[in-house]
Each structure stands twice: as structure tokens, then as C-alpha cells.
Amino acid sequence: MCVRNQSNHFFILLIFAVRNTQGVLTMMTKIKLLMLIIFYLIISTSAHAAGGIALGATRIIYPADAKQTAVWIRNSHTNERFLVNSWIENSSGVKEKSFIITPPLFVSEPKSENTLRIIYTGPPLAADRESLFWMNVKTIPSVDKNALNGRNVLQLAILSRMKLFLRPIQLQELPAEAPDTLKFSRSGNYINVHNPSPFYVTLVNLQVGSQKLGNAMAAPRVNSQIPLPSGVQGKLKFQTVNDYGSVTPVREVNLN
Numbered sequence: 001m002c003v004r005n006q007s008n009h010f011f012i013l014l015i016f017a018v019r020n021t022q023g024v025l026t027m028m029t030k031i032k033l034l035m036l037i038i039f040y041l042i043i044s045t046s047a048h049a050a051g052g053i054a055l056g057a058t059r060i061i062y063p064a065d066a067k068q069t070a071v072w073i074r075n076s077h078t079n080e081r082f083l084v085n086s087w088i089e090n091s092s093g094v095k096e097k098s099f100i101i102t103p104p105l106f107v108s109e110p111k112s113e114n115t116l117r118i119i120y121t122g123p124p125l126a127a128d129r130e131s132l133f134w135m136n137v138k139t140i141p142s143v144d145k146n147a148l149n150g151r152n153v154l155q156l157a158i159l160s161r162m163k164l165f166l167r168p169i170q171l172q173e174l175p176a177e178a179p180d181t182l183k184f185s186r187s188g189n190y191i192n193v194h195n196p197s198p199f200y201v202t203l204v205n206l207q208v209g210s211q212k213l214g215n216a217m218a219a220p221r222v223n224s225q226i227p228l229p230s231g232v233q234g235k236l237k238f239q240t241v242n243d244y245g246s247v248t249p250v251r252e253v254n255l256n
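Once you know that position 240 of the sequence shown is 240 in full-length UniProt numbering, the rest is easy, because the numbers rise by one and skip nothing.
Just so you know, not all the hints are guaranteed correct.
Mimicking DSBU-like on lysine-lysine, the simulated pairs with C-alpha atoms at most 30 angstroms apart in a straight line are [as the list claims (entries may be wrong)]: (1) 145 x 111; (2) 97 x 145; (3) 95 x 67; (4) 212 x 183; (5) 237 x 183; (6) 138 x 111; (7) 212 x 237; (8) 212 x 235; (9) 67 x 138; (10) 138 x 183; (11) 67 x 97; (12) 145 x 183.
Pairwise CB distance ranges, derived in the manner of DEER restraints [stated by the list, open to error]: (13) 66 x 242: 17 to 25 angstroms; (14) 243 x 157: 52 to 60 angstroms; (15) 222 x 174: 15 to 23 angstroms.
Calculated from the structure, these hints are not laboratory results.
Owing to the predicted nature of the structure, the values given are computational and were not obtained by experimental measurement.
Idealized CB from N, CA, C, for every residue including glycine.
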């Protein structure tokens with residue numbers, strides 16, 4: 001079973017497995033496991049950064065002329081080791097072979113910091129706009145072998161996904177100005193978003209009137225649509241996320 005919790009900047013995926021030598025779980029055991037999972041969902045986001053594995057960024061900007069870029073991973077636990085597996089996917093969720101991550105698999109020791117180096121080895125991409133990829137970092141805590149001896153063991157792995165933007169060097173526009181170029185209009189039960197800039201723009205805390213909407217991302221130089229519940233009226237309010245992962249001030253526009 002998988003449960004996914006979405007934040008503004010990255011995704012957390014919970015994967016759990018129960019091992020039992022008899023292959024049978026009592027109803028009470030199932031209830032306890034369910035309670036543990038719900039509890040972990042509540043604390044997972046803060047625990048991931050404060051008491052476990054923390055990533056050095058919520059998004060990665062890769063200049064097209066750079067030989068490589070890097071992101072650090074810190075293990076703040078005092079006595080727990082983690083197996084860390086990293087890879088990159090394209091915007092369709094398919095593993096991207098044009099990137100090399102070193103090391104792709106390693107053990108993070110307690111109170112340590114490691115660096116993941118990312119190298120693009122593929123052909124030149126679009127020169128007039130950014131290209132989007134996803135970096136995946138899966139962390140699996142170590143398990144005491146004695147705990148597996150005839151007992152039910154809940155194993156949790158956390159998969160963090162962050163956006164990786166490969167940015168052409170010849171772009172004249174500034175990424176911080178991209179949100180100001182967005183054009184919004186309403187068409188039935190959709191909000192049309194025209195992004196004339198060469199940059200991806202992440203839209204968060206979207207709200208029309210009193211109706212809150214899900215987060216969205218406007219791709220460069222194309223039109224996108226955001227679903228809108230019927231009957232909702234009012235101005236559109238939103239914020240964006242900049243290159244440093246910070247949320248910008250609230251913007252407000254009329255929907256014509």
C-alpha cells in the first residue's frame with residue numbers, strides 16, 4: 001500500500017511492508033498498524049527534516065552550460081543509518097538515462113552529510129525555454145535483524161521528489177519576473193493560464209473567492225488550464241515559488 005502526501009515543494013511517498021513468519025495478521029494487529037501509519041503521516045514532513053534525512057534544496061536549477069550540479073543530504077540522527085537511492089525521471093515519470101547521479105546508492109551514516117553530484121550527458125535540449133525533470137531520493141532506515149525474528153515489523157521508506165529545471169544560458173529574461181508575465185482568463189469551469197516566459201512557474205495557495213484550489217505549474221511558452229468548480233466567483237489569488245524555494249507575496253488578478 002502506498003500513501004502520498006503532497007506539499008508545495010516536494011512529495012513524500014510512504015511505502016510500508018509487514019513481515020510475519022506465520023503469514024497471518026490479527027485484526028488487532030491490523031488496527032495497530034493502521035494507527036501507526038496515520039500517526040506517521042502526521043509527523044512525517046517535520047520528522048523528515050528535523051530528525052532524519054534532510055535535503056539541501058526543494059528544487060534544483062541546472063544551468064545548461066554547467067558540467068554538473070550538486071545537492072547535499074544530511075543525516076541528523078544520532079544512531080540511525082539509512083540506505084539512500086537516487087535517480088532522475090523526465091516529466092512523464094520515466095527514468096531519465098541522460099543524467100548520472102553519483103553516488104546513486106550509498107549508506108548515510110549517523111550525524112553525517114553527503115553530496116549527490118548530478119551530471120547531464122544527453123543531447124542539447126530546447127534553447128528557448130527550461131526543461132523539467134524530477135529528482136527522486138528514496139531513504140530506507142536500517143532494521144535490526146533481531147526485530148525480524150518472528151515479529152511483525154513495520155518498515156517505512158520515504159521518497160522525496162524535487163523539481164530539476166535544466167535552464168538554457170542564453171535566456172535574456174529574469175526568472176523572478178516570470179510570474180508578472182502570466183495572463184489569466186476564465187473559460188467555463190477552467191482557468192486558462194498563458195505563460196509567455198521561458199520559465200516554469202509553480203503556483204501555490206490558489207484561491208478564487210473563498211474556494212481554495214490545488215497547486216499547479218505553468219509550463220513555459222504554452223497555455224495551461226486549472227480546473228475550477230462550477231459556480232465559483234471572485235478574484236484569483238495565488239503565490240509562486242522562486243528559485244530558492246521561497247514563497248513569494250500574494251498576487252491578485254481579475255478573471256475575465
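Hint-by-hint comparison with the structure:
In summary, the hint linking residue 145 to residue 111 is supported, as the alpha carbons are separated by about 22 angstroms, within the 30 angstroms threshold. Using a Cα cut-off of 30 angstroms, the hinted pair residue 97 and residue 145 is violated, with the two alpha carbons roughly 35 angstroms apart. Between residue 95 and residue 67 the CA atoms are separated by roughly 21 angstroms; this keeps the pair inside 30 angstroms, and the hint holds. At roughly 19 angstroms between alpha-carbon atoms, residue 212 and residue 183 fall within 30 angstroms of each other, so this suggested pair holds.
Between the alpha carbons of residue 237 and residue 183 the distance comes to roughly 13 angstroms, so the proposed pair stays at or under 30 angstroms and holds. Restraint check: the Cα-Cα separation between residue 138 and residue 111 comes to about 18 angstroms, which is no more than 30 angstroms; the hinted pair holds. Restraint check for residue 212 and residue 237: the C-alpha separation of about 9 angstroms stays at or below 30 angstroms, so the hint holds. A C-alpha spacing of about 12 angstroms is found between residue 212 and residue 235, which places the hinted pair at or below 30 angstroms, so the restraint holds.
A threshold of 30 angstroms between alpha carbons decides the hint, and for residue 67 with residue 138 the separation of about 25 angstroms falls inside it, so the pair holds. Taken as a hint, the residue 138 and residue 183 pair is broken in the structure, with Cα atoms around 37 angstroms apart against an allowance of 30 angstroms. With a CA separation close to 16 angstroms, the supplied pair residue 67 and residue 97 stays within the 30 angstroms bound. For the suggested pair residue 145 and residue 183, the alpha carbons sit about 57 angstroms apart, so the restraint of at most 30 angstroms is broken.
For the pair residue 66 and residue 242, the supplied restraint of 17 to 25 angstroms holds, since their beta-carbon distance comes to about 20 angstroms. A hinted range of 52 to 60 angstroms is violated for the C-beta pair residue 243 and residue 157, which are about 29 angstroms apart. Between residue 222 and residue 174 the beta carbon distance is about 20 angstroms. The supplied range of 15 to 23 angstroms therefore holds.
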